[in-house]
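Using the supplied hints, reconstruct the complex from the two chains, each of which is provided in its own coordinate frame.
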Amino acid sequence: MNTPFAGLWAVLLVGLPLLLAVGAYVAGRRIRPILVWIVPLVMAGMVTGLIHGLIDQGPLHYEIGGWTPPLGITWHIDGLATAMLAVTVLVMGAVCAYAPSYFAGSIKTASAEKTKLFWPLTYLLWAALNALFLSADVFNLYVTLELLTLGSVVLIVLAGTTDSVAAALRYLVLGLMASLFYLMGVALLYASYGTLDMATLGGQLQQDPLTWTAASLMIVGLLIKTALFPMHFWLPPAHAGAPAPVSALLSALVVKASFYLVLRLWFDLFRPVAPAPAAQFLGALGACAVLWGAIQALRADRLKTLIAYSTVAQLGYLFLLFPLSSAPAVAKTAWLGVILFALSHALAKAAMFLAAGRIQQLAHEDRLDRLTGIGQCAPLALSATALAGVSLIGLPPTGGFAGKWMLLVAGVESGQWWWALVVVMGGLLTAGYLFRFWAIAIAASEHPSQRAPVNWRMELPPFMLGVAAVLIVFLATHVAQLLEIGAAFPIGGSGEVAP
Amino acid sequence: MNFDPLVPLLLIASSLVPGLIIFTLPEDLRGLRTALNLLGASVKLLLVAVMLWGVNHGHTYETEISFLPGLDLTLRAAPLPMLFVTLSAVLWLVTTIYAVGYLEGSPNRGRFFGFFSLCVSSTVGIAMAGDLLTFLVFYEMLTLTTYPLVVHRGTRQALQAGRTYLAYTLGGSVLLLLGIAWLYTLTGDLCFKEAGRLADLPAEYTPTLRLIFAMLILGLGVKAALVPLHGWLPQAMVAPAPVSALLHAVAVVKAGAFGIVRVVSDIYGIEFADRLGVLMPLAVAASVTIVYGSIRALAQDDLKRRLAFSTVSQVSYIALGIALGTPLATIGGLVHLVHQGLMKITLFFCAGNLAERLRICRISEMDGTGRKMPWTMGTFTVGALGMIGVPPIAGFVSKWYLATGALEAGQAWVIGVLAASSLLNAAYFLPILYRAWFRPPTGRVAQCEPAAGVEIAWSLLLPPLTTAVLALGAGLLAASGFSPLAWAKVITVREFGL
Numbered sequence: 000m001n002t003p004f005a006g007l008w009a010v011l012l013v014g015l016p017l018l019l020a021v022g023a024y025v026a027g028r029r030i031r032p033i034l035v036w037i038v039p040l041v042m043a044g045m046v047t048g049l050i051h052g053l054i055d056q057g058p059l060h061y062e063i064g065g066w067t068p069p070l071g072i073t074w075h076i077d078g079l080a081t082a083m084l085a086v087t088v089l090v091m092g093a094v095c096a097y098a099p100s101y102f103a104g105s106i107k108t109a110s111a112e113k114t115k116l117f118w119p120l121t122y123l124l125w126a127a128l129n130a131l132f133l134s135a136d137v138f139n140l141y142v143t144l145e146l147l148t149l150g151s152v153v154l155i156v157l158a159g160t161t162d163s164v165a166a167a168l169r170y171l172v173l174g175l176m177a178s179l180f181y182l183m184g185v186a187l188l189y190a191s192y193g194t195l196d197m198a199t200l201g202g203q204l205q206q207d208p209l210t211w212t213a214a215s216l217m218i219v220g221l222l223i224k225t226a227l228f229p230m231h232f233w234l235p236p237a238h239a240g241a242p243a244p245v246s247a248l249l250s251a252l253v254v255k256a257s258f259y260l261v262l263r264l265w266f267d268l269f270r271p272v273a274p275a276p277a278a279q280f281l282g283a284l285g286a287c288a289v290l291w292g293a294i295q296a297l298r299a300d301r302l303k304t305l306i307a308y309s310t311v312a313q314l315g316y317l318f319l320l321f322p323l324s325s326a327p328a329v330a331k332t333a334w335l336g337v338i339l340f341a342l343s344h345a346l347a348k349a350a351m352f353l354a355a356g357r358i359q360q361l362a363h364e365d366r367l368d369r370l371t372g373i374g375q376c377a378p379l380a381l382s383a384t385a386l387a388g389v390s391l392i393g394l395p396p397t398g399g400f401a402g403k404w405m406l407l408v409a410g411v412e413s414g415q416w417w418w419a420l421v422v423v424m425g426g427l428l429t430a431g432y433l434f435r436f437w438a439i440a441i442a443a444s445e446h447p448s449q450r451a452p453v454n455w456r457m458e459l460p461p462f463m464l465g466v467a468a469v470l471i472v473f474l475a476t477h478v479a480q481l482l483e484i485g486a487a488f489p490i491g492g493s494g495e496v497a498p
Numbered sequence: 000m001n002f003d004p005l006v007p008l009l010l011i012a013s014s015l016v017p018g019l020i021i022f023t024l025p026e027d028l029r030g031l032r033t034a035l036n037l038l039g040a041s042v043k044l045l046l047v048a049v050m051l052w053g054v055n056h057g058h059t060y061e062t063e064i065s066f067l068p069g070l071d072l073t074l075r076a077a078p079l080p081m082l083f084v085t086l087s088a089v090l091w092l093v094t095t096i097y098a099v100g101y102l103e104g105s106p107n108r109g110r111f112f113g114f115f116s117l118c119v120s121s122t123v124g125i126a127m128a129g130d131l132l133t134f135l136v137f138y139e140m141l142t143l144t145t146y147p148l149v150v151h152r153g154t155r156q157a158l159q160a161g162r163t164y165l166a167y168t169l170g171g172s173v174l175l176l177l178g179i180a181w182l183y184t185l186t187g188d189l190c191f192k193e194a195g196r197l198a199d200l201p202a203e204y205t206p207t208l209r210l211i212f213a214m215l216i217l218g219l220g221v222k223a224a225l226v227p228l229h230g231w232l233p234q235a236m237v238a239p240a241p242v243s244a245l246l247h248a249v250a251v252v253k254a255g256a257f258g259i260v261r262v263v264s265d266i267y268g269i270e271f272a273d274r275l276g277v278l279m280p281l282a283v284a285a286s287v288t289i290v291y292g293s294i295r296a297l298a299q300d301d302l303k304r305r306l307a308f309s310t311v312s313q314v315s316y317i318a319l320g321i322a323l324g325t326p327l328a329t330i331g332g333l334v335h336l337v338h339q340g341l342m343k344i345t346l347f348f349c350a351g352n353l354a355e356r357l358r359i360c361r362i363s364e365m366d367g368t369g370r371k372m373p374w375t376m377g378t379f380t381v382g383a384l385g386m387i388g389v390p391p392i393a394g395f396v397s398k399w400y401l402a403t404g405a406l407e408a409g410q411a412w413v414i415g416v417l418a419a420s421s422l423l424n425a426a427y428f429l430p431i432l433y434r435a436w437f438r439p440p441t442g443r444v445a446q447c448e449p450a451a452g453v454e455i456a457w458s459l460l461l462p463p464l465t466t467a468v469l470a471l472g473a474g475l476l477a478a479s480g481f482s483p484l485a486w487a488k489v490i491t492v493r494e495f496g497l
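These protein sequences, in sequence, are chains B and S. Take the first sequence: its position 444, counting from 1, is numbered 443 in numbering that gives the first Met the number 0, and each next residue is one higher. Take the second sequence: its position 428, counting from 1, is numbered 427 in numbering that gives the first Met the number 0, and each next residue is one higher.
Keep in mind that the hints are not guaranteed to be accurate.
Here are a few chain B residues that sit away from chain S, every Cβ distance over 12 Å (derived from the structure) [claimed, not checked]:
#1 I33
#2 A43
#3 P58
#4 G104
#5 A186
#6 V272
#7 R298
#8 T332
#9 H363
#10 E364
#11 G414
#12 W416
#13 A443
#14 G485
A short, non-exhaustive set of chain S residues, derived as facing chain B with CB atoms under 8 Å [claimed, not checked]:
#15 V173
#16 Y183
#17 T184
The set of hints was computed from the structure by calculation and includes no laboratory data. All residues carry an ideal CB built from backbone N, CA and C; glycine is no exception.
So here's chain S without its partners, still in its complex pose (with noise of 0.2 Å):
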């Protein structure tokens, strides 16, 4: 008999099951509730591990659900997918170590966890997506299962992030959603098929084909944060850090993403939109928001804000690299999906890390927290340097295959926008550094006691290491055939049928 159909299904029941099980479990079970997380995760990754040697040997995992009439559910491993469900199996498992030692003694945790998993769930499910219509079902998903987590602590401040979450988010699902029906008027059909399946649509489509475009990159631009659509990212940093860290690094702003890189990669196809036009203003768009988002970060002294405005920045990469249309900008921008997600989700630990322990969340509070959290400050370092494109770390890769990919299609001005970003990168990232390491310890920091043992209990601080240390590997091992930049070369030579 042959599995291969139940794969994709038992890839998004590794989470989901767990998940529900876990809203039935008194709060209390914390063993068997932690323990269903962990077998989960783990369970996840090894089907992620089969699922990358059979993709490579030349298995077909595809599976169809009935749902609507004429049009069915699928789920279908290609290269690309296997790019975001690695990360996003990979970050799952750190993340529940994560959450689990940073939520010790909170309330609903039940709840939490709970969504926590379904939330992963809706993620795998957008990176499997084979159609649009499929895609739309777990990208709406994710909106819902990703609110409770945003409001999870129900303070006033909490709830109104929540609010503006939903306003910005169901407001582009509105237009998304318009978007792919009238595609599906149009064509018929909503499958993701490599190089695109709008080229033969006779020309006189071509406005609404333009039309379409604006609305379904608008819609998916409210979970990527293009701007003016970041509005309700830096007010979600009120969430616990686990959230956070999943929200920037793994679910919400990588589907946003993963969302506009399918639709021009996977419905328009990356030559054919080129010659529709649109790829020029989804660069424009992508480069002021990868300019302003900087900018902004510069002027937050609340770190998690900080860190929030430079994920608006660097999370517009993405759509600028495949909105270049040339293969080595192409690469840069999906390498940097999964180089973005381990430098970010590492500044995250790390920030609830200095909240967890020094009750610190302000950049002018952190003098001196080097000597106090060497390790962890270590690891922050190793992800901020990464996030201005210090070599050998993973940004540095990201930035190189996009500033060469802009030369490649002859848009000298990319370079600019690029130099400019890494310069404004390093003015918000280095004064931090600064502080920590060569600054003495004042306020809360000098109060503190160094601990008995290790700085912060393992559980917060091996999720960091992993990370940063991951981040360190995809730049240094970037050549080998194992790193995420050699999966994004798989992806764009199919793309692009070189």
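Same shape as in the complex, but just chain B (with noise of 0.2 Å):
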């Protein structure tokens, strides 16, 4: 297939992070609006031109330098992968349009030396992800995980308190670990398959011992860096802890990307030989993170530590998709509403975390008894966190709600309706939780603060990103259609229920 310039957006938007990371490094300010305005905008067409290319052409099998797997890297560009590089685009713009104004106005990271070290971290953190969701290979996909991994730990470090660098390191520790499981699959796949392409993989998987063993390692470690309860205990401290613009980038992106890896897998390869109990407890899984997290939200005492919390819980519903999807009938459902809640889950949760950034910086704090009345003084910043929350608990019309609409259907019609309780139930959860913040900004403050000016650069990214996690729902169609193209479902279900 002709595919002139797919193929070369393709390498350019892992080349391009890749060569401005160490270009921010090395020119340091010189560059910066280059990094903060137009590189953002060029990624974005970058990402239009791939999404067009897919839709004429269909998904596209990439071979860098012509290389033909075993031998070769190959990237696989699906439905998938460039809705989550369409994402990551806009949360980046959102996040590198807002990072400059939070970084000169915030005291404890004023040094300029550790803001130096952001963006080359924040490029290296968009390459690795791009890579990630581009590759095609186990092995190349370890490498795009390890590389997310020490991106992050730094870049939580940037926050410079004796707490950050705590949960950094714990971050850093589990994570390794969680590399390292993955790595030990890997190796016994190659042991037994020869090969680490995925295509090729996938038709030669047995149901054997081995393979299971393998499975369980690379998806368990997985788990560990999605923070699937109960192994979430590292994600609180570290999202909290870290900047703002780090923590939207983390809770947006980087847990999403594991989890991407997860559906890959689950889906490219090991559900023909998953047992069916598997898929079962990972569904309980999820719904003892999305009850635990929510009700760790609801005992919050600081803001970012309840968005964070509310992180945990919304990766929750995500595993649902496993048990719901091993009913044929369901299973497209169950899969484009996970997909389209993941996604608008990444861009409220970049909103919320961007929003509480200015609020944090407003108030001089994040305790929650503190903020009595903070609206009034940042109205744009509350308004961000009121259209991201509404999708966050998935009240209609918002690309959350569209989300849990699929799974609500899928359970009901599957005939498991515990896992249609849990999504109402969670809604519900993340309603207590959310409105105790909003009751607490808009209450009537015994200390009238004066409204603040609206600083834009840092309110209206939050703000645009909850518009977006809002009105994501009127394209859902179109996510769906481009979602489908290359997706790995030859089983039944037409998306659509049967009258």
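This is the structure:
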């Protein structure tokens, strides 16, 4: 197939941020405006080009340098991958626009020495994320995963507090352990099948203990990185302690990246060989995460901790996919629902953290009991949390609703009522902890503070992300069409319910 | 080019756009904000007039917006939606004028009017929804946009009321959402259709359909304040008076009642629901609510609380009318949707005026208010007598059709419920009228200096006068072709295929 530009875009999507990561380190402040404004636009253009290529030509298989597997590196570009690339561009663009103002105004991180590292690391993270979404080779994926973890750890430390260093170290240790698990699994697969290319592996896997061990090791490693209950404990301190733009990247994208890998491995490789209880077990862990994360968020005493626990809870939803998709009739509905949910969660959660950063800056802290009436100081930031929050709760008409509706329909139609109940209960709990914050924020304050002038560079990006998290529902049909390009769904289910 | 599909969108935009602009305006641009509000409300009224004309002349106003895969949002004008749309458009204009006057000088007006407009947009969406999912979308938008209005004052009590409101309504939403999802998996289609769409499902689904019906009605019953799901409503009266007016007469409570009407008549179909045997429990629940609300109202000294319990009672007339399952009772229920709105909004405006001018909110302080504020109390009297069911005010018409409908259905016990309710209404409204008109002023009322010109600002007096006149007119002119009654008859004829 003739792919004149799509392949080029794909290479540039990884190469450009990588190049700029180095550039940002060497050139320092001089290329800052390029990093903040121009590159995100260029990247957005390339993702759009890639999506167009995909719509025209179907899924793309790209061999870097023309080497075929098992020797060369292959990339596989389908609807899911481009959707993740697109949401990454949106979140990254918002974070890039937001970060300069954040670092200029925040006291603890004012030292130029530290902020200097933010740009190279962020661009490195971007390159790693894009490479991860495009890779179709289990070892390649390991490399990108490792880059992600290391980049994230250093970014967390930029907050400069002792708490954040402790959280980052814990994250580092667990992240390395998780990578080790994953690598052991990869080694086992390579030993028995002699290839690392996912497409080649997919057809060969056997139902034998060795494959099961490899699969378990790889999946468990990824689950640690995705912070699935009960392996979530590293996430709240790390995400809450990081500087706000970093928190946004971590909660919106980095945990999604490892979930994306779980998804890939499960649907492209392991599903035919996985025993049925495994799917139910993953779903049960997800349900526990939904409940436990929400309970902890209800008890949180800081805004960013609340948002971080919310991430734990919302990640739980994603794992309901595994049991729901085991019923062939609704597998596709559940799959589309979960991905829509993940995409809107990425937008909403980034909006939340960015807005929280602004609120924290205005109030000089983020203890919830000190935030009374903060909404009057920062109405735009508060409305960003409102838009994003409604999507997180899953009320219509938002992206979160689209995801939850499809999960609900999948649960009810396949007779798996308990998962449907988890979905709606989780929504109620989310409303519980978010309205806890909103009630504080719009309460009449005893010391009425001056309405601060709107800091557009810090309040508009989260607001726009919030708007996107809501409006994505009106694109749901198009997103679904995009996702179906190259989707690993040979089995039944048209995505719509038969009358 | 055919502009008809645009009209429903414009109808929603006419309040949505001003609302969104108002959020961005600085607090002190009072004039511009008021102008936007009034402009939006007038445009909406104009559009409603156009649509009423168009619906009568065979135009179809139908819009589809791409939403979930396989499920579009649809807005469709039909007689039943037009009934609710007209009510909310008229009352929005009136309430906006009232709110502008009432909130003069209070903080956060930008936020207030922004959400106020969003609230009305949601209500119009609820009214025009062409299917159950669209209904749900706007129904939840309404929940969210009313929360900031309920907690507007930001006091501890207001926040508590907001929490209660959310706990009830979001709990209800869960049931509603589950019910709708279940229905969708059974039928694959959620469109509203006159006389319902479930009658041709196989008989084995009967128990499931009953269960879904219960879930939907319980979910909607929260906003419609069916006992025992009514707890949030009396608490929500801490909100400013225009909000109470909106909650009780136009938006929230009505949305719940309207939802019940739509589920019964346009999803299940009245006749099919009757065959399923689900209407009787609904009628009983509505009757219990009617009597219970009235009894509780008797014991309240706080005027707005008494009015709130009165709403609990009165709104269930709508559900009762639908649940009786006969054409006459249906007419009574539908027409009460409008009549109750007109009368109750009048009463809340008056309560707001008393609080604003005389600083009183208790019934025991109301002695002699009629002498100080004759116009306000005059309109209050019209509203109160209408609620009791005194002819020729609108409330009488509703009760008449409900009673004859009950006889038609062979449910004579409903007459007892209606009689008891009317007696109780009289028992809690007449003492107020007696105090207002026949007792000499005491306390704060006596201390109040007579006003220089008219008793209170025009912006606070015109709205209750207008709605009282409308309530009177709806009763007096019930037999004419333009009355809510005539419209309710059209809807009923189409529903029953008469």
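Can you give the numbers of the hints that this structure goes against, from lowest to highest?
Of the numbered hints, 8, 11, 12, 13 do not hold.
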